[in-house]
Structure formats: C-alpha cells, structure tokens
Amino acid sequence: MPFGDDKHKLIYKELVDILGPEYVCDDRGLMEAYSRESQSLSFLTRGRYEFVALPASTEDVQQIIRLANRYKFPVSVFSTGLLMAICSAVKPYWCLIDPKRMNRLHIDDENMYAIVEPYVTHAQVQAEAMKRGLINGTPEAGSQSSSLANNIAFGLQGIAYRSGFAARNVLGVEWVLPNGEILRTGSLANPEAGYFWGEGPGPDARGLLRAATGHLGALGIITRIAVKLYPWPGPPVLPTEGLAPVKKCELPEGTFKWYLFTYPTLGEAIEAMREIGKSEIGGMLHCWPPIYYNWWWAKSFEEYWSTWTSDYWQRNVNNCVAICLWGFASEKQVEYEDKVLKQIIDETGGKPVPDEVYQRWVPYTANNWLRDTNGCRMMRTGGGYFMQVVITDSLDDALGSLESGWEILDKYTPPVLDCGHPAWVHPYDLGHNALIEVDFPRQKTDEDDMNTVRLLLADGIKRNLQQRIASHAIAATPYNLTGRAFANIHLIVAGIKKALDPNNIANPSRLIDMDAMAKTGVITGNK
Amino acid sequence: MVMEKGKSLPKDPWHRKYYWDLRKNAWNCARCSVCKWVDSWEVKSARFAKICPSSLFYLFDAYSCQGRMDVALALIDGTLKYEDSPALLDIFYKCNMCGGCDAMCKRVQDMEPLRVIQEMRTRLVGDGQLLPLHMPVMDNLRKEDNMMMKPKAERGKWAKGLKVKDLTREKAEVVFHAGCNFSFDETLGKTARTAVTLLQNAGVDIGIMGKDEACCGCRAYEMGYQGELTKYAENNIEAWTNAGAKTVVTACSDCYYGFKHLYPALGSKFEVLHIVEFIDRLIKEGKLKFTKTVPLTVTYHDPCHLGRRDHVYVPGEAIMGLYDQPRNIIKSIPGVELVEMERIKEYAWCCGAGGGVKEAYPDFNAFTAQERIEEATATGAAALVTACPWCERNFLDSLNGSKMKVYDIVELVQQAI
Numbered sequence: 045m046p047f048g049d050d051k052h053k054l055i056y057k058e059l060v061d062i063l064g065p066e067y068v069c070d071d072r073g074l075m076e077a078y079s080r081e082s083q084s085l086s087f088l089t090r091g092r093y094e095f096v097a098l099p100a101s102t103e104d105v106q107q108i109i110r111l112a113n114r115y116k117f118p119v120s121v122f123s124t125g126l127l128m129a130i131c132s133a134v135k136p137y138w139c140l141i142d143p144k145r146m147n148r149l150h151i152d153d154e155n156m157y158a159i160v161e162p163y164v165t166h167a168q169v170q171a172e173a174m175k176r177g178l179i180n181g182t183p184e185a186g187s188q189s190s191s192l193a194n195n196i197a198f199g200l201q202g203i204a205y206r207s208g209f210a211a212r213n214v215l216g217v218e219w220v221l222p223n224g225e226i227l228r229t230g231s232l233a234n235p236e237a238g239y240f241w242g243e244g245p246g247p248d249a250r251g252l253l254r255a256a257t258g259h260l261g262a263l264g265i266i267t268r269i270a271v272k273l274y275p276w277p278g279p280p281v282l283p284t285e286g287l288a289p290v291k292k293c294e295l296p297e298g299t300f301k302w303y304l305f306t307y308p309t310l311g312e313a314i315e316a317m318r319e320i321g322k323s324e325i326g327g328m329l330h331c332w333p334p335i336y337y338n339w340w341w342a343k344s345f346e347e348y349w350s351t352w353t354s355d356y357w358q359r360n361v362n363n364c365v366a367i368c369l370w371g372f373a374s375e376k377q378v379e380y381e382d383k384v385l386k387q388i389i390d391e392t393g394g395k396p397v398p399d400e401v402y403q404r405w406v407p408y409t410a411n412n413w414l415r416d417t418n419g420c421r422m423m424r425t426g427g428g429y430f431m432q433v434v435i436t437d438s439l440d441d442a443l444g445s446l447e448s449g450w451e452i453l454d455k456y457t458p459p460v461l462d463c464g465h466p467a468w469v470h471p472y473d474l475g476h477n478a479l480i481e482v483d484f485p486r487q488k489t490d491e492d493d494m495n496t497v498r499l500l501l502a503d504g505i506k507r508n509l510q511q512r513i514a515s516h517a518i519a520a521t522p523y524n525l526t527g528r529a530f531a532n533i534h535l536i537v538a539g540i541k542k543a544l545d546p547n548n549i550a551n552p553s554r555l556i557d558m559d560a561m562a563k564t565g566v567i568t569g570n571k
Numbered sequence: 373m374v375m376e377k378g379k380s381l382p383k384d385p386w387h388r389k390y391y392w393d394l395r396k397n398a399w400n401c402a403r404c405s406v407c408k409w410v411d412s413w414e415v416k417s418a419r420f421a422k423i424c425p426s427s428l429f430y431l432f433d434a435y436s437c438q439g440r441m442d443v444a445l446a447l448i449d450g451t452l453k454y455e456d457s458p459a460l461l462d463i464f465y466k467c468n469m470c471g472g473c474d475a476m477c478k479r480v481q482d483m484e485p486l487r488v489i490q491e492m493r494t495r496l497v498g499d500g501q502l503l504p505l506h507m508p509v510m511d512n513l514r515k516e517d518n519m520m521m522k523p524k525a526e527r528g529k530w531a532k533g534l535k536v537k538d539l540t541r542e543k544a545e546v547v548f549h550a551g552c553n554f555s556f557d558e559t560l561g562k563t564a565r566t567a568v569t570l571l572q573n574a575g576v577d578i579g580i581m582g583k584d585e586a587c588c589g590c591r592a593y594e595m596g597y598q599g600e601l602t603k604y605a606e607n608n609i610e611a612w613t614n615a616g617a618k619t620v621v622t623a624c625s626d627c628y629y630g631f632k633h634l635y636p637a638l639g640s641k642f643e644v645l646h647i648v649e650f651i652d653r654l655i656k657e658g659k660l661k662f663t664k665t666v667p668l669t670v671t672y673h674d675p676c677h678l679g680r681r682d683h684v685y686v687p688g689e690a691i692m693g694l695y696d697q698p699r700n701i702i703k704s705i706p707g708v709e710l711v712e713m714e715r716i717k718e719y720a721w722c723c724g725a726g727g728g729v730k731e732a733y734p735d736f737n738a739f740t741a742q743e744r745i746e747e748a749t750a751t752g753a754a755a756l757v758t759a760c761p762w763c764e765r766n767f768l769d770s771l772n773g774s775k776m777k778v779y780d781i782v783e784l785v786q787q788a789i
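Going down the list, the protein sequences come from chains S and B.
Going by the working numbering, the letters in the first sequence line up with residues 45 to 571, in that order.
Going by the working numbering, the letters in the second sequence line up with residues 373 to 789, in that order.
Honestly, the hints are just simulated from the structure, not real lab data.
Do not take every clue at face value.
[As the list claims (entries may be wrong)] Footprint (simulated), chain B over chain S, 3 or more residues, beta carbon under 8 Å:
| # | segment |
| --- | --- |
| 1 | 168-175 |
| 2 | 356-369 |
[Said to hold, decoys possible] No farther apart than 25 Å at their CA atoms in a straight line, the calculated lysine-lysine pairs in the DSS-like style are these:
| # | chain 1 | residue 1 | chain 2 | residue 2 |
| --- | --- | --- | --- | --- |
| 3 | B | 603 | B | 522 |
| 4 | S | 322 | S | 395 |
| 5 | S | 455 | B | 379 |
| 6 | B | 416 | S | 292 |
| 7 | S | 175 | B | 416 |
| 8 | B | 453 | S | 135 |
| 9 | B | 383 | S | 455 |
Positions of the beta carbon are idealized from the N, C-alpha and C atoms, including for glycine.
In isolation and in its complexed conformation, chain B is listed as follows (with noise of 0.2 Å):
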C-alpha cells in the first residue's frame, strides 16, 4: 500500500491513473450493469431505454457487456476453456460492436470494454476458435478483396461516366474513398457519385482509386481478423501515397474510423475526413449553397463508428464524435425539420449491421435495425437519415412494412441543390 503525505493510496498504479491492461479492464467490472441501459440521465421513457442490442435480443447476461467482461476473464484466467462452452463464440460474436456499453461504462468507470471485446475476438481467432458464419465472407475478401461477396471485377462500376482522376494514372490532393458498400451496392452507389460531384463542384482537387480500390479492412479487424487490416492497411496507404493525397475522404463511417483510429498505428499519416466534415465545412464557408427547399420532417441516426467510437479515450473526458457536422447539414437545408430521436449522440442505438452481425446472426441484425426504425417512427419524423451505407442499408432492408423514407444524408444534400 502507497503511503503519500499520511493517505492510504492504490498500490497498483492502474487504480491512480489508467492504461491499457486487458485483465484489469475484465476484472474491473464491477456488474453494476450501467453498460446495458441508456445513461440514466438520458431515459426518456421506458420503451428506448436499452442501449445494448445483444442484451435485448439475447437476454442472458453473457450477451451483455458486463456478462463478456465475466467470460473474458475466466478465459484469460483459464478457469473456463473454450472446450467448456458451445456458447462461446456466440457470446463474443453477437455484439453490433457498437460501443454503447463503452460509452455508458465510462461514465461511471475508467474501463475499455469494447477493446475488450475486441482483443478477445482477435484472440479467438489466433487461437482458431473461427466462426463459420463468417468463414465465407473472409474467403470473398481474400480473393475479391471486399466484404460484399462480389468479384472485384465489378467494384468501379459506382464511378461509370463519373468525370474524376483516376489516381492509379493520376495525381490529387484528395482521394475518395467509396469503400466496399457503396461500391456494391447498386441502390446506394449515387450517394458516393453525388458526394464526389459536391466536392469537386467546390473545387477539391480529388481523385478516386476505380476498380483497384480494396476494403479497408476494418469490418474484418472487428471480426477478429487483425491479418486483414494491416494487409489492406498496408495496400491502401501504398496507393493513396504513390497517388500524392494528402487527406482521404470517404461516405463510409466503418471506413472512415478504421482510416482514422486503426490506420495511424500501421504508419497512415493522413488527413481523414468523412464526407459530412468536408460538407458542413463547405457550407460554413459558402461553397455550397442550396437552392430548393425539401419539405421534410427527418430525424437523424447516429452511425457508432462516426459518433461514439470516433473517440479517443481519455478517462474523464466527453466522448465526442462527430455529432454536431450532420445535425448543422441537416438544419441548414431549407425546408427540412430535424426531431431527434430519444437514443442519439454517444447513446444512441445502433443499426445492427456492425461487429459481424450482418454477416452472421440475420434476425439479431434486422432486430436491431427495426428497434430503430419504431424509435424514428415515434419521433414523427418521415425520414430517417443516416450518414454511413451500412446502416442504409440495413435499415432499408428492415423496414418492414414501415413508410419511413431512409437517405444518407448526402442524398438529402442532393435534393436542395
């Protein structure tokens, strides 16, 4: 025991000031269960006052933060084997990864659990406790280079007749980044074209990397495959420099927090910004002006990856995120009226589609995605507008007989220009 000036003090320094420690985190969880509920200064009625999906969905304890804190540590321990429990992997793997446990239990404590979550997922795998569900999706990204299960022979065809560098031939200060969803995804490849119109329009010099461009490795890294983002880590920072950018802007939030928060520690020295930072940006400074009014009642979802997990942790201090960009978009569009919903900013419920989830558990995933959509209904909005592919994605495909209209909120952009 520290005696200091007469005070009985923490012997361990971990207790006086925090650092990363995978058992002390795992250890530390004291099941006050604050990581299952909205911030209990932020519930607005009983019916939104879950943040955890898998808890909600899944019940038992295990399939809660507080629960993975208590396996994490019989594992790390040893006391439990992964021989011991068929439920193992489904304990570690039916989590959005959304960070709304992390943000709820840093406010009462100084904890990472969702790196916790996130190392013992890494760990599984290394240890070759795969899951199969997600076997075949990471056998498509090895050989097409994307988490969509399409050949990468068709991922530019987002761009056909879209006039923008080729930075494989050119040079640009700036290069936009599609990423894997936009890329596939047929209904939302206008979001990515659109946003690179808007920039060029305002005089960015951009550029895009076509049919070469790769997956950013992120959603793999949450799957627990580390190997596949220092690989396409690795292949994106090669690229992006021998093309001469200095800052990369992409739609995607999965993309845009893996360039930011897991790219730095693989040698990425790059400006990162999401679509919504350059926009807000452009309208502060008169570049964009928008000529026609969209009468619209919209709320707006926050994607974990641009809000809450866009957050550098540092005990005691608000987790940020970029939650004020898209809101001052969304207010400065003539016509349109945000309500916001009950869960939002560093509380808000996620999509579903995250961690895994999309890929492996389908009824856990739309679950998740519908909880949403009644939130947005209850708020009276008739849009719900979101600023990341995965999440439109999944909600569009939710919406089970629901009228809400879904829009990234570039498309909204679009409309009043």
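In isolation and in its complexed conformation, chain S is listed as follows (with noise of 0.2 Å):
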C-alpha cells in the first residue's frame, strides 16, 4: 500500500480540506480498527483502509466523491457494525466514510414515519417511535445497528411477518451517486412535498436498493431515508427488570400474548404458519430451530454448551411455531385472534410448549424480539457463527433451500460446531415470502479455522449456483461471478455500474468487479 507517497499526501490535503483535521485520519493504528469484523474472514478484511472520513452531511459526502472522481481512489461507507467484508480495502488509496456524524433522527408521527441518517440505531429510532405509540423493525443483528443500513440492504426484521421486507418500509431517500450527482427520490425529488412517498419520479430508483442486499455502496451513498412506522400497541418504555445480562421484558397481557406450540416435522410447522398468515392473526411470527433459542437464551460459554448438550431446547422446541399476537387496535384484537389461533393450533396438530420451557424463554428473550433479538449473542458460541443459507424466497420452497444449507454442514462437520440441522423459517409479509436461514457455530480461533469456512462459503456458493438458490452469500458475491446462474444479471448490474460510476470509484471490489469483467472482455470501453 502506498501510505504516504505523494498521491496519498495530496489526497489527505485534500480531504482535510473538505472536513476539517480533525475530521480525518490516516493513522495506521487509527486503521486497525476498521480491519477486522464478526465473521472474521481475515482473507477478506486483510486490507486497510489509507483514510477514514468523518463527513457530517450529505454536501460532504458529495464533496469526498467529487474527489474520488478527481483523483481516481475508491470509496466506501460504513456504519454500526458487523459485515466490514462487504467493503474490504482491496485496493491502494481506499477511502472508507464512517458515517457518526451523519446521526441526525426526526420522527413524523402524524405521517408515520422516521428520517433517519447513517449513524441512528434502530434502538434510537424505536426508543423515539415507541413514546409515539409507533414502532418499526428490529433487525435480527441487535438494534446497535444503523437503521438505514437494515433498511436498505439485507432488510432482514424480527417483526417482518408484519412490517415486511425492510426495503418495503423505505420512503423518501437521500442518494450520493458515484459521479457525485445527489440523487431524491419519490416526494423528496419535490423541494417542498418530503419523505412521504417513495415511488418515483419515473422509473424508481429504489428497485436498486432492494433485492437481497441491496448495492453494498457500489453505486453510491445514501445519505438519508424515511421509513414507515407502524402502531405500536405497548407502553412508551420498553419495560424491563434486572441487571445485564439478566435481563427481563414483560409485555402487558391484554395486548401482547405468546404461543408456542410444536409439531412432528418441520413440514407441519411451516404448514401452520402459513394458515396463521392466511388468517392474517399476529404481530410476529417464527419458526425458530433449537439452537436459536440456545444462542439467544444463553448468558455465557458455560450455560450455551451444557444447555446445548443436555437436549433441553432440542426436546422441547423442535419444530416449534412462535407467534405473538397484538392488539393492535384493542384488547378485544387479541382476544379475536386468540380464538382464530387455537382452531389452527387444534386443526394443524399443533402441542403447546411445557409452561416452564414458555418462562424460560419468553420474558428473557422472545419478548426482545421487539428491540434487539440478542442477536450478538450468536457470536458466543465459539466465537463466530456463519450464515450458509440465507434467502428470502416462498414458504413453498423453505424445506428445498433448507436441505441445500445441511447438505453444506454435515459436509463440514465437524470443525463446524455441532448445532442440528438449523432451520429458521420466518414468514414475511403475512407469510406471502418468508426468510429462510442456515447458520451455524463455528470457533473463530485461526487461519485453518478460516481456510475450513472459506472452503466451506465456496462449496455453499457453488451449490447455491447449481441449484439456482439466490442466498445472501450470491448477493455477496460479485456479480460477475454469479450472474450467469441468474439470467445474466451481471450484464444489467454491469451497464447500471458504468452509468452512475465511470470511474469505477464506489466499493469498486463489491457488487460487481467491473476491472475483472474488462479483463476477460465480458465488459470494455463504453459498451
């Protein structure tokens, strides 16, 4: 890496120029702290960064790519946390935004909705919306995490079975195009009218925000979002006991209750849920497998492996159905949706869970499924956990892509740590598509660790491609690796790539790797 020559003086200038000194570094011990993340892929994340930059609003953030232009570095965003893979410095003069002074919150509760800049955590945005009697998604990696990241890429919620696809919820949006151009969208592109709306004008651009990981800032930086809130029928402090990481939520009964009921096979269980989405009953729906209850239930190493292999959550919530009903508009909702429930409990087989398996579980964990989901304890375990299967398809073809995900496990078997077939089924939209997700423990101790999950993410990318499965790890991959699989998609992302980044300046190795697609001719000049 060329630190400190003098393209690399000059474009440090450059940038203290735009922000003010304080406002950027280039010190490598300052760098070592955006060079690794959960994953932990190190052959990912070797790279470092050359500069970090602290824009605080969206003309700074026009004025770093205006000058990326001009001097011909890449530059990529990144905000709370956890998938530092998705723009690892694969090349000289890499610029990465850290986004923490774009942190900028306002709540519309007349129109239902929250603006939000890079740097909001969900958890801020629910804290604010709740004392609205308003809500939105958790995201299934703790609520620590940038809203508008959730929202525009992966878009993966805990309450999804109701808000939908995060991307659904997306309004007005604040765009920084790769050539510098600032992008509105929807009401925003009229200087009066605001976030309200998010189609248009003309084709709508938020088709590219969409899909199963949105661009990953390969065509460019959003700068701000407005998202859908929804009515929240709970008190405007999530009410809590205990001390970390004991931690208790009691939701009042009249308007939150949980069932959990299992059945023999995974098959039924989906079959269950998709009556209760054809009933349109519930605020939050799951299928989660055994280990899931492990990870989030589990306060330590110690309680997670002598839970896990007693069986207890193997025994008692295999197959097991999770629904929470809301009263949404009353306590009368609930009481109607708990009659509709039971018939399709009764009808479909189902068997409730022992009442001591529910207290374990539901006030230390389901009911957090409204803020964080304690996802970041899916880190104990050994340290790391990867995701095999991840795809937002139909609940018709949950078992197909499941199967595909164990295939991957057993072949890898041990070293990955034991965990049974995982099998998180999530019905989205009231069940008219639903996330289906394949992870598994793995220890993050090594390089032979990390060469096993690399064998292990290129066999399951393989299969995916053969079986035509479009798993987030596809949507993680660039393009021009994967597209031929899939309609040769690679050739329209490719075309969109030139058109809004001639310089090829946006997360450049992410997307799609358009110096690759030149050099095998796939791709050249201005075609």
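Got two chains here, separate frames each, mind docking them using the hints?
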C-alpha cells in the first residue's frame, strides 16, 4: 500500500480541506480499528484503508465523492458494525466513510415515518417511535445496528411478518451517486413535498436498493432515508427488569400474547404458519430452530454448551411455531385472534410447549424481539457463526433451501460446531414470502478455521449456483461471478454501474468487479 | 475438534468455559458495536443512547472498545509496532476506563474488554511508552503521595479540629480513608468530615491516618503504573494493620474500588465498605434518624467504580454494584424526590474524570461531565447527587452556567439531620 506517497499526501490534504483535520485520519493504528468484523474472514479483511473520513452532511459526502472521481481512489461506507468484509480495502488509496457525524433523527408521528441518517441505530428509532405509539422493525443483527443500513441492505427484521421486508418501508431517499450527483427519490424529488412517499419520479430507483443485499455502496452512498412506522400498542418505554445480562421484559398481557407450539415435522410447522398468515393474525411469527433458542437465551459459554449438550431445547422446541398476538386496535383484537389461533393449532395438530419452557423463553428473550433480538449472542458460541443459507423466498421453497444448507453443514461438521440441522423459517408479509436461514456456530480461532470457512463458503456458493438458490452469500458475491446462473443479471448490473460510476470508485470490489469483467472482455470501453 | 456424545464441540476450552486470556479476549471481539451503545433494551431516547464517552467525543472507531481490541490484537501479534502509529498512546489513554463498554459487551459475550485496555496500558508503561501528559502527576505522586499536585504536608488539613482517633498513634476497629480528593480539595473536604462524624455518632470505633495517609494507588494503576499500586497498597495495608483496624471505610469510589478489588491480590484481608453501605446500614438499624425535611428533587449519578465496576466477573451473572444503597438513602430522606436519569446502574454514563483523562485531556473530561449534566437537567431535578469526590468535582467544574446543584450523598444526608 502506498501509505505516505505523494498521491496519498495529496488526497489526505484535500480531504482535510473538505472536512477539517479532526475529521480525517490516516494513522495506521486508527486504521486497525476498521480491519476486522464478526465473521473475521481474514482473507477478506486483510487490507487496510488509507483514510477514514467523517462527513457531517450529504454535501460533505458529495465533496468526497467528487474528490474520489478527480483522483481516482476508491470509497466505501460502513456504519455501525457487522459486515466489514463487504467493503474490504483491496485497492490502494481506499477511503472509508465513517458516518458517525451523520446521526440526525426526526420522527413525523402524524405521517408515521422516521427520517434517519446513517449513524442512527434501530434502538434510537424505536425508543423515539415508541414514545409516540409507533414502532419500526427490529434488525436480526441487534438494534445497535444502523437503521438506514438495515433498511436498504439485507432488510431482515424480526417483525417482518407484519411490517414486511424492510426495503418496502423505505420512503423518500437522498442518495449521493458515484458520479457525485445527488439523487432524491419519491416525494423528496419535489423540494416542498418531504419524505412521505417512496415511489418515483419516473422509474423507481429504490429498486436498486432492494433485492437480497442492496447495492453495498457500489452504486453510491445513501445519506438519508425515511422509513415507515407502524402502530405500537405497547408502553412508551420498553418495560425491563434486572441487570445485564440477566434482563427480563414483560409486556402488557392484554395486548401481547405469545404462543409456542410444536409439530412432529418441520413441514407441518410451515403449514401451520401458512394458515396463520392466511388468517392475518399476529404481530410476530417465527419457527426458530432449537439452536437459536440456545444462542439467544444462554448468557455464557458454559450455560450455552451445558444446555445444548443436555438437549433441553432440542427436546422442547423442535419444529416450534412461535407467534405473538398484538392488540393493534384493542385488547379485543387479541381476544379474537386468540380464538382464531387456537382453532388453527387444533386443526394442524400443534402441541403447546411446557410452561417451564415458555417461562424460560418468553420474558427473557422472546419479548426482546421487539427491540433487540439478542442477535449478537450468536457470536458467543465459539466466537463466531456463519450464515450458510439466508434467502428470502416462498414458504413452499423453504424445505428445499434448508436441505441444501444442511448438506454443506454435514460435510463440514466437524470442524463446524454441533447445531443440529438449523432451520429458521420466518414468514414475511403475512407469509407471502419468507426468510429461510441456516446459521451455524464455528470456533473462531486461527487461520485453519478461516480456511475451513473459506472452503465451506466457496462450496456453498457453488451449490447455490447449481441449484439456482439466490442466497445472501450469492448476493454478496460479485455479480460477475454469479450472474450467469441468474439470467445474466451481471450484464444489467454492469450497465448500471458503468452509467452511475464511470470511474469505478464506489466500493469497486463489491456488487460487481468491473475490472475483472473488463479483463475478461465481458465489458469493455463504452459498451 | 472435541466429539462428545456424537456432538462436535469447541476444541479450545476457552470457548466452553471462560478464563482470562488477553489475546483471546482481543481476538474474540465480533465488532458488533454493542460496546458503543447503552444496552438496547434500555435505550429510552435517541439523545442519550450512547454509553462510550470516548467513542462519542473522538468518533473514530479506534477510540471505542471495539477499536481498542483491534489495535491491542495488532500490537500483541506484532503486526503493528509502536513506531507505526503516532496516535497509539491516545488510542489507549483517551478512555475514562468507565467500564460501560465492558458491561455492555458482557451482555452478549464472555469477555473482559476493559481488562484488555488495562493490561495494554500496563504493557505500554512497562515498555516505556509513557504519556507525557501523565508525567507531572506521576512525578508528584512519587514525591508527595497524592494525585492532586499538592504538597504532602497539606494532607491532614481536612480533619483539622475533628475529634477523631489518630491511627498513627492509636488503634480503632475502623479506619476512615479520606483519599486524595477529599484531603486536598477544600470545597469537598467537609464531606469527609461529615462522614466521620456520622460514623462516630453511630458509635463506630473509627480513626484516621491524617497527614500520614497516602494515595490508594488506584488511579495510577489505571494509567498503567502497576508498581505504584503495589507500593501504596503495601504501605496502606501495613498502616491499617498497625492500627489494629479490621474494616476500611471510604467515601471515595476510586479508593473503594482499589481497596476492594485490587488490594486483595496484594495481601489485603480487610473488610472494605463505601460510606453509602455504612449509612444505608445505619438507617436500616435505626441508628441514623432524619429530623429535617429537605424539599428537593434530585437525580443520582452512579460512579463507575461504585456501580458496574464493583463487580467480580462471573460469565452470565448480573453485573452487580452498589446501586441500591445510595438510592435507599436518598429515598429515606424526608422531602427528597428521586428522579432517575435515562442511563443508570450498569449502563450509567461516566462523569469523565477516570482513567487518567482528567489529568491529560481536559476537553474530553469536560465534555463527558457536561453530557451527564445535560442528562440530569432533562429529568427536571434541581440537584445531581453522587457518591464520589472525583465525580462531584468534575460536575462542579463543568456546570458551564447550569443551575444544577451538585452534592455528595453525605452532604444530602447532613442536610436532613
């Protein structure tokens, strides 16, 4: 890396001219803090950024992007945390935009939306929304994550059964394109209209934010969005008891009621969820596998492994449908939905879990799905976990996708740690589609572990390609490597990328590798 | 890989039962960023959602717990050398050592990131990587036995006229340790006097070391100076032993932490109590009765060393601290209404004075205190009550035009008797 050469010095000086010296750094020690992440795929995060910049506004971001175009250096953005590998520094002069100063939040309670900048967490949005009788989705990575990032990338949320895939909730968007232009979509395109509406004008550019992973910053930097909020029938402050990590949350019984019931097979559990979705009852609906219960519930390594090896959760919550009824309108709604649900359980042969299991789970973890999910506890098991299959598809395809993931798990266990055959089926949009996820624990130790994960990842992507499963691993792989299996989508994406990012400065290794495509002659010159 | 009952389990025992290991802790950071924020369950507003003062003030990730784990790992593994990074000392020293990150991390992981930061500071000092801004304070400590840049001869002034046993000549069951701040800060010294009087009135056999008292060494330790901690611990333990004391009471939360959590490894077997424990006990036993009404709405600031840092880590167990005792005292004073701030107990915001920050980075120190004063103001309270002289002094110095009153809890008690 050319740390300290003339071009480096020039870029640094220009960044300082834009932001001021306190908001730009190129110190090697400071760069270390942006070098690893939860998966610690060292082969993806081995590079170091040369600059970290802290813009305060859309205009600051625009200036940085213009500079990047002038001096031809890569820029990526990363907010609160987890997946640094999606913007690894694999080229010289790479500048990371850390948006910590872009942390403004405004709630429009009358029109039920929140305007968020990149460094506003879900917990912040929720806390302000709940005060006003509103709620937004809970990211499965934990609500310390950026609300903006979660809504425009991945879009997985714990209450998506009711609130839908997160990207659907995005209204007006302010967006600095890689060529330095500012794009405002939806009603925001009209300076007087505000953020209330998402579509248009003309072709809806929000489509570029959707799909399984968003565009990972390769089509520019989103600096502000509005997200839709939903009615919250609970208290203005999340009711909690206890001291971390032994926390409890009990919601008002009249408006929140959990049911956990099991089935002999996963297929039967999925059918029950389909029936529930058809009835349009409930605020949250999941089929979590036993390991997820253990992940989110256990408060220490020791508790995790002793509980897992005792088969407690495996015995009690296998093929378990978990639903929380919400009284959006009133307590009477819960009473009505309660009757409907009991009828569905009866007709589908569901069996309630023992009360001891219910009490162990609901107040300590399940209710937290409204706020946080305890998602970060997934890293505890062996120091890391890995997502083998994460796919948003239909309930019909759930079993097929899961089996594909289990084949890989079986092949690599050990060293993959014991986890059964994890099967998280999460109906979205009242069951019209579903998140299907296979995560597994791994022991994050050394390069050997990394190599195993690398092999497993490559193997998984290969199988997903063969089976045409558009998993998140596929979507996070540059399209030039996977597009042929999916109707040559890489050619369309390359066209968009070239139009918006003529100098290929926006997170150039991700979404699509234009340099690699040019080398292989797939895309050349102005074509 | 360990196979047990057909299960594939971690081969590294650390992943099955936690034990302290510097590198494993640093390596295990998952970059989840939980360390930067108040426990997500407890976020009550966007305004007061952060827990890490350093991350909020200095912004770059290196100035957060997560970043410090990465930098520590690079130093441990030798991929980063001291000479590679001019910012290196700032990375480890622009931290109040408040432990907010540590408590939040323990919510989701079996880790002790604060211990990593502490150990890295000790390592830096051991390797001669000294923060120049700390040197005057350390020089004064070595010469004058205090952290206040004051001559040792002035140490006993706070107790002038106080009729209490001099434990350099007499013996007592209980030794009251005033600490550097109460000893040299004339505004705060009255709190120490009141504390001693309260205990005497309750019939406690108590004495002080007066001008021969020495620093606890705890703050020096947190700056990385392990040797100073050992020196002062040995000195204090010997003095208390010679005085026949069984119990050490202090009104300073830094001293309390040092005596309770650092001294045992250096040979101390004394019972250690903070004054709030003693007062709470006296109220419950009926030995302290309030005779006056104090019509005041107050909010309580949990000092870090009295709260979440007063905790011996057992993975999975609640992060205990002296949270209830001060609140019990406040609630028992007639006329006083306690209103809580948003960030309390194990997820409390720091006053800013700890970890050598007050001595080296006054702007950061003041920012942290002002943030807390704003949070206190938002409750509608007229007074901010704490139980540590470092917090009290920092708040008093950072009021910046605010009309908020700042009291040590002992002062509040005194107003009611």
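Hints versus structure:
1. Given as covered by chain B, the segment 168-175 of chain S passes the check, having 6 residues with a CB less than 8 Å from a CB of that chain where 3 are the minimum.
2. Judged by the Cβ-Cβ criterion of 8 Å, the segment 356-369 of chain S is not covered by chain B as claimed, because only 0 of its residues qualify and three are needed.
3. Proposed proximity of residue 603 of chain B and residue 522 of chain B is supported: the alpha carbons are some 19 Å apart, at most 25 Å.
4. As the CA atoms of residue 322 of chain S and residue 395 of chain S are separated by approximately 20 Å, the hinted pair is consistent with the 25 Å bound.
5. Restraint check for residue 455 of chain S and residue 379 of chain B: the C-alpha separation of about 14 Å stays at or below 25 Å, so the hint holds.
6. Distance hint between residue 416 of chain B and residue 292 of chain S is fulfilled; the C-alpha atoms sit about 16 Å from each other, no more than 25 Å.
7. For the proposed pair residue 175 of chain S and residue 416 of chain B, the alpha carbon gap of about 9 Å is at most 25 Å, so the pair holds.
8. Note on residue 453 of chain B and residue 135 of chain S: the hinted pairing holds, with a Cα-Cα distance of about 23 Å set against a maximum of 25 Å.
9. Proximity of residue 383 of chain B to residue 455 of chain S is assessed by CA-CA distance (about 18 Å); at most 25 Å being required, the pair is judged to hold.
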